[in-house]
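Here is what each chain is made of, one letter per residue.
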Amino acid sequence: METLSYLFSGFQTALTFQNIGAAAMGAILGIIVGAMPGIGSLVGVALLLPLTYAFNPTTAIIMLGAIYYANMFGGAFSSILINVPGDAPAIMTALDGYPLARKGKPGKALMAANMASFAGGLLGMVVLTFFGPVLAQFGLKFGPAEMTTLMLVALSSISWLIEGDVMKGLAATCIGILISTIGISTNTSAARYTFGVVHLLSGVNFIPLVVGFIGMAQVFNLMGQQERENDLVVSKLGIKDCKMSKEDISRMVEPTVRGGLFGSVIGFIPGAGATMASIVNYTIQKKSKRNKEKLGSGAIEGIAASEAANNGAAAGAFGPLLALGIPGSGTTAVLLGGLMMWGLQPGPRLFTDSPDFAWGLISSLYVSNLIALVLALVMIPFIMKVICIPNRILIPTITVVCFVGAYASTTSMWGVLIMMIGGILGYVFQRYGYSASPMLLASILSVTFEVNLRRALNISGGSPAIFVQKPLSLIFLLIFVGLLFSPMIKKAYKKAHAEKAA
Amino acid sequence: MKKKQVAFVMAGILAMGTVLTGCGNTAKPAAEDTGTLQEETTADAEASEGETAENTEPAASASSFVPENTITFNVSSKAGGNSDLIIRTITDICTREGLVDKTFVVNNNTDGGGNIVRIETQSTDDPDHTLLCFSSGDMQSMLDSDIGLKVDNFAPIATMAADKQLIFAKADGKYKSFEDIMAAIEAGTKINVGGTKSNEHTVFNLFAEEIQKTDMFNYMFYESSAESITALLGDHIDLAMGSPAAAISYVESGDIIPVVALSDERFMAPLDAAPTMEELGYGVVESPMWRGVIAPGSMSEEAQQYWSDIFGKVCETEAWQEYLSTYLLSPYYNDLESTREIMLETQADYLAGE
Numbered sequence: 480m481e482t483l484s485y486l487f488s489g490f491q492t493a494l495t496f497q498n499i500g501a502a503a504m505g506a507i508l509g510i511i512v513g514a515m516p517g518i519g520s521l522v523g524v525a526l527l528l529p530l531t532y533a534f535n536p537t538t539a540i541i542m543l544g545a546i547y548y549a550n551m552f553g554g555a556f557s558s559i560l561i562n563v564p565g566d567a568p569a570i571m572t573a574l575d576g577y578p579l580a581r582k583g584k585p586g587k588a589l590m591a592a593n594m595a596s597f598a599g600g601l602l603g604m605v606v607l608t609f610f611g612p613v614l615a616q617f618g619l620k621f622g623p624a625e626m627t628t629l630m631l632v633a634l635s636s637i638s639w640l641i642e643g644d645v646m647k648g649l650a651a652t653c654i655g656i657l658i659s660t661i662g663i664s665t666n667t668s669a670a671r672y673t674f675g676v677v678h679l680l681s682g683v684n685f686i687p688l689v690v691g692f693i694g695m696a697q698v699f700n701l702m703g704q705q706e707r708e709n710d711l712v713v714s715k716l717g718i719k720d721c722k723m724s725k726e727d728i729s730r731m732v733e734p735t736v737r738g739g740l741f742g743s744v745i746g747f748i749p750g751a752g753a754t755m756a757s758i759v760n761y762t763i764q765k766k767s768k769r770n771k772e773k774l775g776s777g778a779i780e781g782i783a784a785s786e787a788a789n790n791g792a793a794a795g796a797f798g799p800l801l802a803l804g805i806p807g808s809g810t811t812a813v814l815l816g817g818l819m820m821w822g823l824q825p826g827p828r829l830f831t832d833s834p835d836f837a838w839g840l841i842s843s844l845y846v847s848n849l850i851a852l853v854l855a856l857v858m859i860p861f862i863m864k865v866i867c868i869p870n871r872i873l874i875p876t877i878t879v880v881c882f883v884g885a886y887a888s889t890t891s892m893w894g895v896l897i898m899m900i901g902g903i904l905g906y907v908f909q910r911y912g913y914s915a916s917p918m919l920l921a922s923i924l925s926v927t928f929e930v931n932l933r934r935a936l937n938i939s940g941g942s943p944a945i946f947v948q949k950p951l952s953l954i955f956l957l958i959f960v961g962l963l964f965s966p967m968i969k970k971a972y973k974k975a976h977a978e979k980a981a
Numbered sequence: 010m011k012k013k014q015v016a017f018v019m020a021g022i023l024a025m026g027t028v029l030t031g032c033g034n035t036a037k038p039a040a041e042d043t044g045t046l047q048e049e050t051t052a053d054a055e056a057s058e059g060e061t062a063e064n065t066e067p068a069a070s071a072s073s074f075v076p077e078n079t080i081t082f083n084v085s086s087k088a089g090g091n092s093d094l095i096i097r098t099i100t101d102i103c104t105r106e107g108l109v110d111k112t113f114v115v116n117n118n119t120d121g122g123g124n125i126v127r128i129e130t131q132s133t134d135d136p137d138h139t140l141l142c143f144s145s146g147d148m149q150s151m152l153d154s155d156i157g158l159k160v161d162n163f164a165p166i167a168t169m170a171a172d173k174q175l176i177f178a179k180a181d182g183k184y185k186s187f188e189d190i191m192a193a194i195e196a197g198t199k200i201n202v203g204g205t206k207s208n209e210h211t212v213f214n215l216f217a218e219e220i221q222k223t224d225m226f227n228y229m230f231y232e233s234s235a236e237s238i239t240a241l242l243g244d245h246i247d248l249a250m251g252s253p254a255a256a257i258s259y260v261e262s263g264d265i266i267p268v269v270a271l272s273d274e275r276f277m278a279p280l281d282a283a284p285t286m287e288e289l290g291y292g293v294v295e296s297p298m299w300r301g302v303i304a305p306g307s308m309s310e311e312a313q314q315y316w317s318d319i320f321g322k323v324c325e326t327e328a329w330q331e332y333l334s335t336y337l338l339s340p341y342y343n344d345l346e347s348t349r350e351i352m353l354e355t356q357a358d359y360l361a362g363e
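For the protein sequence lines, the chains are A and B, in the order given. Take 480 as the starting number for the first sequence in our numbering and just add one per residue. Take 10 as the starting number for the second sequence in our numbering and just add one per residue.
Some hints here could point you the wrong way.
[What the hints assert, rightly or not] Keeping only pairs whose Cα atoms sit at most 25 Å apart, straight-line, the calculated SDA-like set for lysine to any residue is:
#1 K87/B to V676/A
#2 K199/B to V947/A
#3 K322/B to T119/B
#4 K87/B to I156/B
#5 K620/A to S262/B
#6 K159/B to Q616/A
#7 K185/B to T665/A
#8 K766/A to Q909/A
#9 K87/B to N666/A
#10 K87/B to S664/A
#11 K582/A to V947/A
#12 K722/A to P875/A
#13 K766/A to S965/A
#14 K768/A to F964/A
#15 K185/B to G243/B
#16 K766/A to F959/A
#17 K620/A to G263/B
#18 K620/A to F226/B
#19 K87/B to F959/A
#20 K87/B to V683/A
#21 K206/B to Q948/A
#22 K620/A to D244/B
#23 K159/B to K185/B
#24 K766/A to L956/A
#25 K199/B to Q948/A
#26 K87/B to S939/A
#27 K159/B to N666/A
#28 K87/B to V947/A
#29 K183/B to K159/B
#30 K773/A to M646/A
#31 K183/B to G263/B
[What the hints assert, rightly or not] Derived contacts from chain A toward chain B, CB cut-off under 7 Å, selection only:
#32 G622
#33 I805
#34 R828
#35 L896
Think of the hints as simulated: they come from the structure by calculation, not from any bench. Note that the coordinates shown come from a computational prediction; the quantities given were computed from them, not determined experimentally. For each residue, glycine too, the CB sits at the ideal point set by N, CA and C.
Here chain A stands alone, though its shape is the one from the complex (with noise of 0.2 Å):
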């Protein structure tokens, strides 16, 4: 109760004329920021940063939070539209929305996404609101040892993405890998894979890989296509195209729920985030049982799974931020760092030394997203038409965007070499049946993997003890053994169950 008093006064803050303004404008630069490919919600609560230094602490920092939250709207759009993630919590996003758009429905697709988006972050809210300050000191129960186990349970899971040929899902995973490692270690400082290119000694930047990889090898894809066939049923679009029906919805509900929920709880974990939240949930989703279409044919819960997950995160991610003061994700570290320059000591005495600034914050992520969502549904019926653009004019535009995508994410030229590098081994992939996925997944994951591993046993001296030792760790390893066997133990239950019947 007392919580809900705070959070009422919270919302005396946030809705003072002025500050709706500022999460308002907020929200409406985060979907830009959002949109441009490149551009994530790092770099553009960055760059807007001296924007906010006209208001007070309060108002500048609900205008930033508004701006981080808002992008993971804008994500969805270009990664639906022109299969060009917006930034990286909308890869999966694009894995369904786009075919779905291909087929017709771009309103249905960006409804659904946007819909997910804020239940998903509504979910991610009333968890921070409540179990904030719990959760946060659950995050930190998280050490190397846990971290390992639990990228190991996530690692397997990358077997539920593989499609078709096994081996060639392994071999893209292994690729993955193979690419994370390049770089100077974490751990050791030592040089790995960059035969003396100075230029990959920080590893290859995530965000150009993956608008090469995505992106950049739709170009070469629509290269080799004639004009596209559908032309003719698109151009028709108009708003009755957006809306979803009641059984739409309803499929949505699953995937939405747990991502907000499960996105919330990744986002409270310090060194996770949106994106490994958004692949983690879409991955589990693609096992569900309930699923009405294949996830990565345009399935409306692929892209409702990816959608709710990074935002719900969106949102946890501001809970070790207000509670403990650490960031749990590059942007929060921003924002940490704006809170500091206004003279605001982010960290475990935020809530008592400040609480109008912390309380109006999150209900002012309340109000942003509400706001976020109005103004998203407003735009899909004027955006969604993006999709009727010929070719001869998608193409050339698309390569622009992933080439300023490319540059804008890194400032530099390299950044676009790695885009056009990720966009030939893109297309190799799709060309030969390779899926993208895995490999994604595994250069993301095997990161935290590695550094927590040798960390962990840096810590037991060399003993691999220690990952039974610690109860949450000995959970997932449990959960891990489970997974690994459970086909063998399904196939001996199945075998079983027909000699009984026999």
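Start from chain A and add chain B according to the hints.
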């Protein structure tokens, strides 16, 4: 008529000077030679203008260089990173206080762990208008890589601020004081310590050497002080290294306690609970993490002096004091001579420790 001729000759000499300076900039390998050539031509031009003898003195006087172009300030951290913040504060003060009337362009580039921007700085076409943010942490990443650059390839301009470190323990953890740590080590327990790669590691090694227990610690690398303190809060490590700014709020809230101050004097409250190594009966252990500015090795001496003076003035402003107190940094301005010494010393320390 005569006046016109004199003007013509002068213009010719000046033009020649400009051409020669231009050559000097493009011929990088021979940077030193052309540097002296450039000084001579400047002196010639000034002499032919028939001004007083003072101006023909060695061109190192402070007033002989004034920036003419836009100044590029290279930073190897992202926008919003620590190095970025310090440079944006400096350039902001320069502009606002009217110290420099040309525009600064801050160029953030993290490629190759910051090494790309170092190479770019070193090989710039306009050495007098190119500056690079440099810290003892950057030193390590530069020396670790195989790009072959050392402090010797640059012109150290100034150190601006320093951060010293403390060893922290969890308030309800196993070790609450230096004595607890020593007792555990004597009993044969290995202690897990977390910290960053840069100065925190260097100074911790100095600490372990001073107490002669180097093999009783497990030092684990974290990306930032915030990460290692998080690990300490979660009981994953026994001790964490940290700077005052990163740790103070956790000390205030009573979650962690400072155990040893790695400095020549105690820190301010509430970090003053930790004794220095001297108080504990050992020698002084410290390795200040400095942040400063370096320039391409080919920057002219006049320009070096000019920038050193400008940054000296920056450090005297109120806005700078405010910056230092916001981020709990110690003032650490040094002139050309001492900056070079400090940077070379840090380099030697690091190379010796490898």
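Now the hints, each set against the structure:
1. K87/B to V676/A: holds, 21 Å
2. K199/B to V947/A: The given pair, whose Cα atoms are some 20 Å apart, holds under the 25 Å limit.
3. K322/B to T119/B: violated, 29 Å
4. K87/B to I156/B: Holds, at roughly 21 Å.
5. K620/A to S262/B: It holds: about 19 Å lies between the C-alpha atoms, which stays within 25 Å.
6. K159/B to Q616/A: violated, 44 Å
7. K185/B to T665/A: It is violated: about 29 Å lies between the C-alpha atoms, which goes past 25 Å.
8. K766/A to Q909/A: Answer holds: K766/A to Q909/A is near 22 Å, not above 25 Å.
9. K87/B to N666/A: Within the cut-off at roughly 22 Å; holds.
10. K87/B to S664/A: Holds. K87/B to S664/A sits at ~19 Å (cutoff 25 Å).
11. K582/A to V947/A: violated, 49 Å
12. K722/A to P875/A: Distance ~31 Å between K722/A and P875/A Cα, so the pair is violated.
13. K766/A to S965/A: Holds: K766/A and S965/A sit about 13 Å apart, inside 25 Å.
14. K768/A to F964/A: holds, 19 Å
15. K185/B to G243/B: holds, 16 Å
16. K766/A to F959/A: Roughly 16 Å separates the two Cα atoms, so the pair holds.
17. K620/A to G263/B: holds, 19 Å
18. K620/A to F226/B: holds, 23 Å
19. K87/B to F959/A: violated, 37 Å
20. K87/B to V683/A: Cα-Cα ~16 Å, so holds.
21. K206/B to Q948/A: Roughly 28 Å between the alpha carbons, so the hint for K206/B and Q948/A is violated.
22. K620/A to D244/B: holds, 8 Å
23. K159/B to K185/B: Given that 25 Å is the threshold and the Cα spacing comes to 41 Å, the pair is violated.
24. K766/A to L956/A: Given pair K766/A, L956/A holds - Cα atoms ~20 Å apart, limit 25 Å.
25. K199/B to Q948/A: holds, 18 Å
26. K87/B to S939/A: Measuring from Cα to Cα gives roughly 34 Å; hence the hint is violated.
27. K159/B to N666/A: Holds, because 24 Å separates the two Cα atoms, which is no more than 25 Å.
28. K87/B to V947/A: Roughly 39 Å separates the two Cα atoms, so the pair is violated.
29. K183/B to K159/B: violated, 42 Å
30. K773/A to M646/A: holds, 21 Å
31. K183/B to G263/B: holds, 15 Å
32. G622: holds, 3 Å
33. I805: holds, 5 Å
34. R828: holds, 5 Å
35. L896: violated, 11 Å
Figure legend: structure checked against the earlier numbered hints; hints not met, in rising order: 3, 6, 7, 11, 12, 19, 21, 23, 26, 28, 29, 35.
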